[in-house]
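Trainee: Chain by chain, the residues run as shown.
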Amino acid sequence: MFDTTLTLNDLAFLAQGAAMTLAVTAVSVAAGTVLGILFGVIRVQIGPYWSAPLTFALDVFRSVPLLIQLVLGNAFQSIAKLGWGPFATSCVVLSLYTAAFCAEIVRGGISSVPVTTRRAARSLGMTWWQDMRHIVAPLATRVSLPSWIGLTLGVMKDSALVLWLGLIELLRASQVLVTRLQEPLFILLICGAIYFILSFPIARLGGYLEKRWSPND
Amino acid sequence: MIEIENVRKSFGPLEVLKGIDLTVEKGEVVTIIGGSGSGKSTLLTCINGLEPIDSGRIVIDGTDVHAKGTDLNRLRRKVGIVFQQWNAFPHLTVLENVMLAPRKVLGLTKDKAEQIAVKQLTHVGLGEKLKVYPARMSGGQQQRMAIARALAMSPEYMLFDEVTSALDPMLVGEVLDTLKMLAEEGMTMICVTHEMAFARDVSDRVAFFHQGVMAEIGAPDQIFGAPQHAETQKFLASVR
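So the sequence lines, in the order shown, correspond to chains A and B. Going by this note's numbering, the first residue of the first sequence is number 939, and it counts up by one from there. Going by this note's numbering, the first residue of the second sequence is number 406, and it counts up by one from there.
Chain A with its partners taken away, still in its complex shape (with noise of 0.2 angstroms):
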């Protein structure tokens, strides 16, 4: 009833196309969270009309396609004779792109705090930065975290866009096995549910957290 050319190989090939996938996401979004984490910091505390430059940079950042991204920052990189690799200009575009979406969240959630709040840690002797630590980062965060979950689920199924820079993830080493043993709807199946495993733990984490903190609030 059910039959297949698909070896062990294969599902070999596609782990290390998964694997390919994880290591993009997780550069990108380790990166892009630190940078936006900045990037949003910036933009609370210099206010709107300092950080305008800023935020038209990551308006564009958020407006153009990824697509689009990778391939010019492909072309610049080239250009420009960084000598980047694939790999790495694709971590680069994608946390770029990453810290975009994360610097508004990271607003949002800092401006999420009460000004009263921040006062009274203030109004302690707290400095700036003991208030941000102390008192905001927290906050914030409980605040951020369901965005940020969102995010970097999206970013891991965006990854898959690198394929154009020649990167064999998850989808391209699909797509090299559909062509190869012309089964298109089984490989691709297997191919969501390896997408789904990768991205199951980070939605349940964040479930975890969210339910973690609630009691308190």
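Hints should not be assumed to be uniformly reliable.
[What the hints assert, rightly or not] Calculated cross-link-like contacts (lysine-lysine; reagent style DSS-like; alpha-carbon spacing at most 27 angstroms):
no.	chain 1	residue 1	chain 2	residue 2
1	B	Lys536	A	Lys1095
2	B	Lys524	B	Lys536
3	B	Lys524	A	Lys1149
[Unchecked claim] Restraint-style ranges between C-beta atoms, simulated for each label pair:
no.	chain 1	residue 1	chain 2	residue 2	range
4	B	Leu641	A	Leu992	48 to 56 angstroms
5	A	Thr1065	B	Ala540	36 to 44 angstroms
6	A	Ala953	B	Lys517	35 to 43 angstroms
Bear in mind the hints are in silico, worked out from the structure with no lab data behind them. On a predicted model such as this, the values are computed, not experimentally measured, just so you know. Positions of the beta carbon are idealized from the N, C-alpha and C atoms, including for glycine.
Put chain B on the given structure of chain A with help from the hints.
Mentor: Only chain B this time, still in chain A's reference frame:
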């Protein structure tokens, strides 16, 4: 001693403090009464350096609060302020709320900070609530926690900004009792309040603010018994 000299403060075109002069001696309890928008709360935030002033001077123990180079974070260690909204840190337990500033600002060890926090929380009647999160407490309890949090820094001066205004009438008494206790212990306090009985019972002096001006100041008997200023008379007649 807190010396306030000809302090002016505006928010945009609205001048909320129009040349306030006031001196508060160590150990003195001064209450400020007056209608909404008379500048009472603004004065407290200016004393603590949370709001800049436009002109004049506020000097605390010889330190000009608004002078360039004044270390406001250091100054705030000795001038505690409690607000109308208690502003609990919701992610921390009651004990952690009170321990945070002594640990991070004063640099005390965890044990020492905990010892101080437990002492202050017990002092305000919250010794049984140490591990509770603020959201699980009543407004009155949270306000007392805010008082304990400020007291844990061992301030020399305490500013109270309408600390009972946001409370259910049933809970006002417990907070006022805490303030009375502090006054009896000799804490220097400036209290902005709408609780006239409290102002009469606890204060050494009562100041009446009207439209950004300190219209009248004097002993409670004088202000409540024989107010001189027409606006004071009008205000007291309206709240009685």
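Trainee: The structure should be examined with respect to each hint, and the outcome stated for every one.
Mentor: Going down the list of hints, with the structure as the test:
{"no.": "1", "hint": "B:Lys536 <-> A:Lys1095", "result": "violated, 42 angstroms"}
{"no.": "2", "hint": "B:Lys524 <-> B:Lys536", "result": "holds, 14 angstroms"}
{"no.": "3", "hint": "B:Lys524 <-> A:Lys1149", "result": "violated, 33 angstroms"}
{"no.": "4", "hint": "B:Leu641 <-> A:Leu992: 48 to 56 angstroms", "result": "holds, 55 angstroms"}
{"no.": "5", "hint": "A:Thr1065 <-> B:Ala540: 36 to 44 angstroms", "result": "violated, 27 angstroms"}
{"no.": "6", "hint": "A:Ala953 <-> B:Lys517: 35 to 43 angstroms", "result": "violated, 54 angstroms"}
When held up to the earlier numbered hints, the structure conflicts with 1, 3, 5 and 6 and fits the remainder.
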